[in-house]
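Visitor: Since chain A is already given, all that's left is putting chains B, C, D, E and F on it; use the hints.
First to last, the protein sequences are chains A, B, C, D, E and F. Read in our numbering, the first sequence has 13 at position 13, and its numbers run on one by one without any break. Read in our numbering, the second sequence has 127 at position 127, and its numbers run on one by one without any break. Read in our numbering, the third sequence has 171 at position 171, and its numbers run on one by one without any break. Read in our numbering, the fourth sequence has 70 at position 70, and its numbers run on one by one without any break. Read in our numbering, the fifth sequence has 68 at position 68, and its numbers run on one by one without any break. Read in our numbering, the sixth sequence has 38 at position 38, and its numbers run on one by one without any break.
Worth flagging that the hints you see were computed from the coordinates, not collected in a lab. Hints may be right or wrong, so weigh each one.
Covered stretches of chain C, as calculated for chain A (at least 3 residues, CB under 8 angstroms) [claimed, not checked]: (1) 115 to 123; (2) 129 to 135; (3) 230 to 240.
As a list, the in silico EDC-like pairs of lysine to aspartate or glutamate whose alpha-carbon atoms are at most 20 angstroms apart [to be verified]: (4) Lys205/B - Glu11/A; (5) Lys126/B - Asp92/E; (6) Lys126/E - Glu73/D; (7) Lys18/C - Glu73/D; (8) Lys18/A - Asp3/A; (9) Lys126/C - Glu196/A; (10) Lys233/F - Glu196/B; (11) Lys18/B - Glu73/A; (12) Lys18/C - Asp3/C; (13) Lys126/F - Glu73/B; (14) Lys205/E - Asp180/E; (15) Lys181/D - Glu6/C; (16) Lys126/A - Glu73/C; (17) Lys126/B - Glu196/F; (18) Lys181/B - Glu6/A; (19) Lys181/E - Glu11/F; (20) Lys181/F - Glu6/E; (21) Lys126/F - Glu128/A; (22) Lys181/F - Glu11/E; (23) Lys18/E - Glu73/F; (24) Lys126/C - Glu73/A; (25) Lys126/F - Asp84/B; (26) Lys181/A - Glu6/B; (27) Lys18/F - Glu73/E; (28) Lys126/B - Glu73/F; (29) Lys181/C - Glu11/D.
We put the beta carbon where it would ideally sit given N, CA and C, even for glycine.
Number of protein chains: 6
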Amino acid sequence: MLDLHEATSPEVGQAISKGAVAVLAVGAQEQHGAHLPLSTDTVMAQGVARRIAEAIGGLLLPPIAYGDAWNNEGFPGTLSLSPDTMRAIFMDIGRGLSRSGFRALVIVNGHFGNREPIALAARLLKQETGFPVFHLDYPGMEQAANDICDSKPAAPTFYHADEVETSMMLALAPHLVRMDKAAAEYPTFPATFGMEAISLSTFNKSGVFGDPTSSTAAKGEALIARIVDESVKLVDLFLSDR
Amino acid sequence: MLDLHEATSPEVGQAISKGAVAVLAVGAQEQHGAHLPLSTDTVMAQGVARRIAEAIGGLLLPPIAYGDAWNNEGFPGTLSLSPDTMRAIFMDIGRGLSRSGFRALVIVNGHFGNREPIALAARLLKQETGFPVFHLDYPGMEQAANDICDSKPAAPTFYHADEVETSMMLALAPHLVRMDKAAAEYPTFPATFGMEAISLSTFNKSGVFGDPTSSTAAKGEALIARIVDESVKLVDLFLSDR
Amino acid sequence: MLDLHEATSPEVGQAISKGAVAVLAVGAQEQHGAHLPLSTDTVMAQGVARRIAEAIGGLLLPPIAYGDAWNNEGFPGTLSLSPDTMRAIFMDIGRGLSRSGFRALVIVNGHFGNREPIALAARLLKQETGFPVFHLDYPGMEQAANDICDSKPAAPTFYHADEVETSMMLALAPHLVRMDKAAAEYPTFPATFGMEAISLSTFNKSGVFGDPTSSTAAKGEALIARIVDESVKLVDLFLSDR
Amino acid sequence: MLDLHEATSPEVGQAISKGAVAVLAVGAQEQHGAHLPLSTDTVMAQGVARRIAEAIGGLLLPPIAYGDAWNNEGFPGTLSLSPDTMRAIFMDIGRGLSRSGFRALVIVNGHFGNREPIALAARLLKQETGFPVFHLDYPGMEQAANDICDSKPAAPTFYHADEVETSMMLALAPHLVRMDKAAAEYPTFPATFGMEAISLSTFNKSGVFGDPTSSTAAKGEALIARIVDESVKLVDLFLSDR
Amino acid sequence: MLDLHEATSPEVGQAISKGAVAVLAVGAQEQHGAHLPLSTDTVMAQGVARRIAEAIGGLLLPPIAYGDAWNNEGFPGTLSLSPDTMRAIFMDIGRGLSRSGFRALVIVNGHFGNREPIALAARLLKQETGFPVFHLDYPGMEQAANDICDSKPAAPTFYHADEVETSMMLALAPHLVRMDKAAAEYPTFPATFGMEAISLSTFNKSGVFGDPTSSTAAKGEALIARIVDESVKLVDLFLSDR
Amino acid sequence: MLDLHEATSPEVGQAISKGAVAVLAVGAQEQHGAHLPLSTDTVMAQGVARRIAEAIGGLLLPPIAYGDAWNNEGFPGTLSLSPDTMRAIFMDIGRGLSRSGFRALVIVNGHFGNREPIALAARLLKQETGFPVFHLDYPGMEQAANDICDSKPAAPTFYHADEVETSMMLALAPHLVRMDKAAAEYPTFPATFGMEAISLSTFNKSGVFGDPTSSTAAKGEALIARIVDESVKLVDLFLSDR
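Next comes chain A alone, as it looks inside the complex (with noise of 0.2 angstroms):
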C-alpha cells in the first residue's frame, strides 16, 4: 500500500510499473448532529478506502473531501458541491489515472448524494477511455448494521450521525467525537419524501437521524471490518478479469 499523499513521485512510478490501483475515498463537507464533526463522511470514507488499499496493496489518494450535499444546507456547516462539479473532479482524475498507466480506480464513497456522479463519471471513463472504475457504497453495511448495532436507522439503509457512522467514527478518530452531545431523533419523514426536492432541516431538528447514545468503538470496529472484508470480495472480483 501507498499512500499518496506520503509518497513520492519515483515510489509511485514503481507501483504504476507493477500494475497500480488507486483507491479513491470520497466524503462531504457537512452536518452530523452536536457530537460528530462536519468531515464524518470524509473520515468514513478515508477509513474504509485505506484499509481497502493495504488488503488490494492499491495506491491510496487523497480523499474528496466535499460531496454533495444540498439537502442538509439548511444546517450550519455543510457545504456542497453541485453533482456537475463532483463529476468533472472524477473526469479529470480517472483521465489523468488513464494516462499515467494505472489499472484502475476502485472509488469508496461515503456520502449518499455522491453516487450519482461517481456513477455516471465511471460510465463515461469507460466509452471515453475504456479506463476501469469501481465504486462502492460500503457494501455489507444493511446487514452488519442489522447485526452489530442496538438501535433501528432512522429510514431502511439510512445511517446518519446514527449508532452505525458514531461508532465507526468512535473507531477511526475517536478525538473527533463528542459522545457527551450525543442524543438520539428519529425525524418523522413527510410522505412526500424522495419525490420533491426536500431539505433535512424541515423536519429534522438536530441533525441526527435514530440513535447515537449506544455506540462504542467496538461496534464501530466491527462495522469496519465487515465492509471491508465485503469490499475487498468485490475488488478482487472486478480486478479478476482485468
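Guide: Just chains B, C, D, E and F now, kept in the frame of chain A:
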C-alpha cells in the same frame, strides 16, 4: 479559530452569527522530486492557512488537495484537475459560504497553476453574488526566500522542491521529508518557456528546481512566519472595509 | 383533465387561470424482449400519468418518449438521451410551465435510468424559480407486485419485461404485446452489478428479467389501480400546501 | 416499414442487419389557434414521416413532440425547448443510431423554429462520426399550397393554423380539428419582423395566420401526397450514394 | 458618429450620456474566389455599418472579422468560429453595452452563416437583460440587385463573389479587388442542398457563385445606398419606441 | 508575408503548401485615457504582429479586436469578452488552422487580461490536435522600456496609456493620438491589488498609469524594433524543431 474538519455544525452556526471568515487552502497532487511527498503544495498551503486562520479567528475549511499541475504530468503521481473544474469548485464553495452567511473567503494558494482559476472565481463570485473573496499566493515569499535561504532558486520566484519548499516542509511535516534523497538540480529552461505548452519533464530530470540540500526546519519556520505575517496584514486590510 | 396533445391554446389558457397542474410522463426507447415493444416504458408511464391527470384534474403533457437507457444499448432498438440532455428537457419544460403560470408539475417516471436527471431538475427548478416539481416512480409498486403477481422479479424491485410490465402492457396496449413470444429468463447478475458500468446484454440473453408468461390484463389493471391510487394520494399531499 | 413505437428489439436487430434508415419526426407543443390542437406540428410531421418511412422501408422513431417555439410563448399551452436542448437531443439520437449500425437518419421537421438546431446537429454529427443525417422541411410545400389551396398565406411560406395546416390536420387527425372555431386572421407583421426578438402575440390575436375556413381533408391529402412524393425523391437521392 | 476604433473613453462617456446606439458589423474570414479578398464579408458589413452609424449618429464598434463559414472550409484561407463561439461573442458584447448604459445595439451582418447565432443572442439578451438588439441582413438587397445588376445570381438571394459583392467591394475597397482574375461560375447545386451538411467545394470550383465580370464601383455604390437607406428606415422604426 | 485581410484563397492555398505559419494579434477594446484610442492594444499588437509576419514570412490573420478587460469596465467604451469566449475563439481558429494544414500559429498578445485564455488554448490545442501554438507578450519590453523611456511605469511591467504605449502608438498610428490631452497619473495601488477583484477606476481617475507626456514616435519605433527582434528570435527557436 475553528477547524471545519473537526468542528460540528452548531459550532459553525455560532461562529457565523459572529461574522465568520472562511480560510481555504488550495494545493496540488504533484511530483516534488524524490525527497518531498506528492502532497507538498497541499501541506504547505494548509500549514500557512491554519496559522492565518488562527491569527484572524477564521474558520479553516478542509483543503483542496488537487490542483492544475498539467506541466508536471510527465512525472508519475501528478494528478491534475482542469482549470474549469478548479473554478467550479471555488464557485460552488463560494456560493455555499455566501448563502450560509459567511462574511468572506480567504484562499491560500500553494500552487502556481491554481492562480488563474482562483482569481477568476473571485471575480465571478463578486459579480454574481457580491461575496468577497481574497486570494493569497504566499505574499512576501520572494523577499523572505532571499533573506533566509542560502541557495538560489532555479528561476526568479520559481520555488519547487528546492530549499524554500523543503525547509517549509521540514517545519510543517518533517516525517514526510526524505533529506537523504534531496539533491540539487538547476535545469536549463528552454528559451521559449512560458510561450508554449511545455512539460517540465522535457528539461528537468529529478523533479527538483534548485538546491534543497541545505534546507532546515528553522529556515522553514522563518519563511512561514514571514509569509503569515504579511498575509495577516493584507487580510486585515481586506476585511477592514467589509 | 385536459390532454395537451389534443387541447387548444384557449382551453389551456382557461385551465391555467384556475390553477393548472401539469402531468408529464417520462419513458424510454428501450428493448423489452421479444414480446414487448420498445416503447413499453413510455406507454406505461403515459397510461399511469393519464389516470393521475384524470384523478386530479391535471393537464397531461405529451410524454417524453426517450430516456437514459445506456445499459440496454447492447440490444438493438434502444436509443438513449444522456443525463444532461434529459435534465435540460425538464429544465426547459419546467421553466416554461413556471413562466406560463402553471401551479406545479407532476412527473410520472417509467424508467429507472431517468430518476436522477428528474430529481436533479426538480431541485434546480426549485432553487432557480421556486417552481414546485413532484416526481413519482410508481409508488407502491413493490407491494402491489408482491400481492398481485405469481412470479418473482429477477431482482428486488427490478421489473423489466416481466410479469409486472407485461400485465400492465396487456391492460394498456394489448395490441402491442406478443404473448406467444413471452418467455422467462432469470439472469445471474454479476456480483459487481451497480458498482461498475455494466451492459445488461453481457449477462442477459433475451432482454427479459423474470417470467412474463403468466401475465394478464386483469393483473395489469390491478397493478395500475394500486399505483395510481398511491400516486394520487401523494400528489394531493404535495399540492395541499401549495 | 417498422414503427419503433410498436416494434420489438429483435425486429429492429433484423432491420439493422439489412441496412436500416431511421426516420424521425420533429414537431412542437405550440398554440395553433382555437381550432387546431397544440400538437399540430407533431401530428403533421409524424404523418408525413410515416409515409416517407413506408415508401423507403424506413424505421419510424417516436416523434419529438416539443420544439423551439419561443415566439409563440405568449399564447397559453406553448412549451419550448431551447435550441441547445434540441441540438443535444439530435446529437444523442444520432450518436445512438450510428453506434447501433443504422445506415442514416432522415429528419422530418414540422416546425420552423427547429430548423437551425437540426441543421447544426446534422453538421456536427457528420464531423464527429461521419453519420449521415438528412433533414426535410416539407419540400415542395410552397408550390403545392399555391396549387391546391384557395386562400393566401399571411406571409410567403408562413403556414400556421391556416388552410394548409388545417387541411393537413383534417386529413391526418380530423378528430382533433374544431372547424366550427376556425376563423381567419391576417395580422399585420411589424416592419422589423425577423430583425429583433418579437413575440407573435404582440401583433396576432387569434393565433391564426391566414384563413383556415375553406380547409378540407381532400386538400390536406393532396398536400401531403405532394410533400411526401418530393421528400421520397430527395431521400432516394441522398441515400443513393451511401 | 463615433468610430470606437478611434474614439477615446471620455468621448464615449459623453455619447452614452446622450443615449448612444452601438453599431456592430459582423463579417467572415472566408474564401471569395481568386479576385476578392478573404475579408470581403467583413469589409462590406463594416462599410454598410459605417454609413448606418453616420446616418443615425451611432457608435461604430470594431467589426467581428470572423464568422461561421464552415461550408467554405474546403477552400484555403477560410477560418470559422463555431455558432456557440459566435453567440458567446454577441452575448458578452451585448451584456457589456447594457451594463455601460448604451441604448441599443444594431448588428449589421454580412455573412449568411452568422444569422442564427446573431438572432439567438438577440433573443437571449432580451430575455436576460431586456437590452434591445436589432439585426440586419442587408435589407432590400434582393430588389436592389435585381434593379442594378446585369447578371443573375447563382441561386435566389445567394450572392457570393458575384456581381453584387464584387461591385460593393469595388465601391468600398477597390485596392483589394483583382478584376483581372474575376471569372464567372454558375455551379449546379446538388438537389439535396440545404438538407444535409455539404461543403461548397464539392460542387463549386472557383469559389465564385455567379458572374462578377461586369461589376463596377458605380453599381456597388448604388447597391450600398439602397441597402443603407432601407436599413436606416428600419433602425429608425426600431428605435422609435425605445 | 501575406496579409489575410487582403489575400485571396488561392494565394493562401499556395502559402500553405509551402508550410505557412499564421500570426494572430490579440488586442482589446479598452479605455486608454483621454489621449489614446480604445483600440490601442489592438493597434499595437497588430503593428508588432505585422512586422513579425514580415520577418518570418508568415500569414497575418485579422486581429482579435476585443479582449478580457473586465477591470477597466468602470471606464466608458471598454467592452470585454469573457475568458471562456476568448478561449473558444482561439480553439476554433487553432482547429481551423490545423485542419487547413498550417504549420503553426504565433499569437501576439497586446493585453494582459488575455494571457491566460491564450495560454490555456495553446495547451488544449496541443493536447487535442498536436497543433503547435506560440504566444508572445511583447518579449523584452521591460528592458527596452527601461533603456528607451524617460518616465517610470506606475508599477513594474505595468504599461497602460503611459510613455511606452503612447510612443508605440505615435509610431504606429499617430493620427489616433491626442498628445494635447496626454497627462500623467501615478495612482496609488491598493495594497491588496491582485488579491481581490478590483476595478481600476476605483483608484485611477484618468485611465492613465504613468506619464505619457514625453512620448515620441522615435521612442515608439525603438521599442517596437526591440520587441520585434526579440520576438523573431524566439519564434525562430520555436519553429526550428517543427
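Visitor: So, for every hint listed, does it hold in this structure?
Guide: Hints, verified against the model:
1. As drawn, the region 115 to 123 of chain C meets chain A at 5 residues by the rule of a beta-carbon pair under 8 angstroms; at three or more, the given contact holds.
2. Using a Cβ-Cβ cut-off of 8 angstroms, 4 residues of the region 129 to 135 of chain C lie near chain A, which meets the minimum of three, so the contact claim holds.
3. Judged by the Cβ-Cβ criterion of 8 angstroms, the region 230 to 240 of chain C is covered by chain A as claimed, because 3 of its residues qualify and three suffice.
4. Only pairs whose Cα atoms come within 20 angstroms are accepted, and Lys205/B paired with Glu11/A is accepted, the gap being roughly 15 angstroms.
5. A distance of roughly 17 angstroms separates the Cα atoms of Lys126/B and Asp92/E; the hinted pair therefore holds under the 20 angstroms criterion.
6. Proximity of Lys126/E to Glu73/D is assessed by CA-CA distance (about 14 angstroms); at most 20 angstroms being required, the pair is judged to hold.
7. A distance of roughly 19 angstroms separates the Cα atoms of Lys18/C and Glu73/D; the hinted pair therefore holds under the 20 angstroms criterion.
8. Between Lys18/A and Asp3/A, the direct Cα distance comes to roughly 16 angstroms. Compliance with the 20 angstroms bound is thereby established for this hinted pair.
9. With a C-alpha separation of about 9 angstroms, the suggested pairing of Lys126/C with Glu196/A holds against the 20 angstroms cut-off.
10. Our distance criterion of 20 angstroms between C-alpha atoms is met by Lys233/F and Glu196/B, whose separation comes to about 15 angstroms.
11. With a C-alpha separation of about 19 angstroms, the suggested pairing of Lys18/B with Glu73/A holds against the 20 angstroms cut-off.
12. With a CA separation close to 16 angstroms, the supplied pair Lys18/C and Asp3/C stays within the 20 angstroms bound.
13. With a CA separation close to 14 angstroms, the supplied pair Lys126/F and Glu73/B stays within the 20 angstroms bound.
14. In summary, the hint linking Lys205/E to Asp180/E is supported, as the alpha carbons are separated by about 18 angstroms, within the 20 angstroms threshold.
15. For the proposed pair Lys181/D and Glu6/C, the alpha carbon gap of about 15 angstroms is at most 20 angstroms, so the pair holds.
16. Annotation: proposed proximity of Lys126/A to Glu73/C holds, straight-line Cα distance about 14 angstroms (limit 20 angstroms).
17. A C-alpha spacing of about 9 angstroms is found between Lys126/B and Glu196/F, which places the hinted pair at or below 20 angstroms, so the restraint holds.
18. In summary, the hint linking Lys181/B to Glu6/A is supported, as the alpha carbons are separated by about 15 angstroms, within the 20 angstroms threshold.
19. Restraint check: the Cα-Cα separation between Lys181/E and Glu11/F comes to about 12 angstroms, which is no more than 20 angstroms; the hinted pair holds.
20. For the proposed pair Lys181/F and Glu6/E, the alpha carbon gap of about 15 angstroms is at most 20 angstroms, so the pair holds.
21. At most 20 angstroms may separate the alpha-carbon atoms for a hinted pair to count; Lys126/F and Glu128/A meet this at roughly 19 angstroms.
22. About 12 angstroms separates the Cα atoms of Lys181/F and Glu11/E, which keeps this hinted pair within 20 angstroms; it holds.
23. At roughly 19 angstroms between alpha-carbon atoms, Lys18/E and Glu73/F fall within 20 angstroms of each other, so this suggested pair holds.
24. Simply put, Lys126/C and Glu73/A have alpha-carbon atoms about 14 angstroms apart, close enough for the 20 angstroms limit, and the pair holds.
25. With a C-alpha separation of about 17 angstroms, the suggested pairing of Lys126/F with Asp84/B holds against the 20 angstroms cut-off.
26. The straight-line distance between the Cα atoms of Lys181/A and Glu6/B is roughly 15 angstroms, inside the 20 angstroms bound, and the hint therefore holds.
27. Restraint check for Lys18/F and Glu73/E: the C-alpha separation of about 19 angstroms stays at or below 20 angstroms, so the hint holds.
28. Restraint check for Lys126/B and Glu73/F: the C-alpha separation of about 14 angstroms stays at or below 20 angstroms, so the hint holds.
29. For the hint linking Lys181/C to Glu11/D, the alpha-carbon distance of about 12 angstroms falls within 20 angstroms, and the restraint holds.
When the structure is compared with the earlier hints, no violation turns up for any of them.
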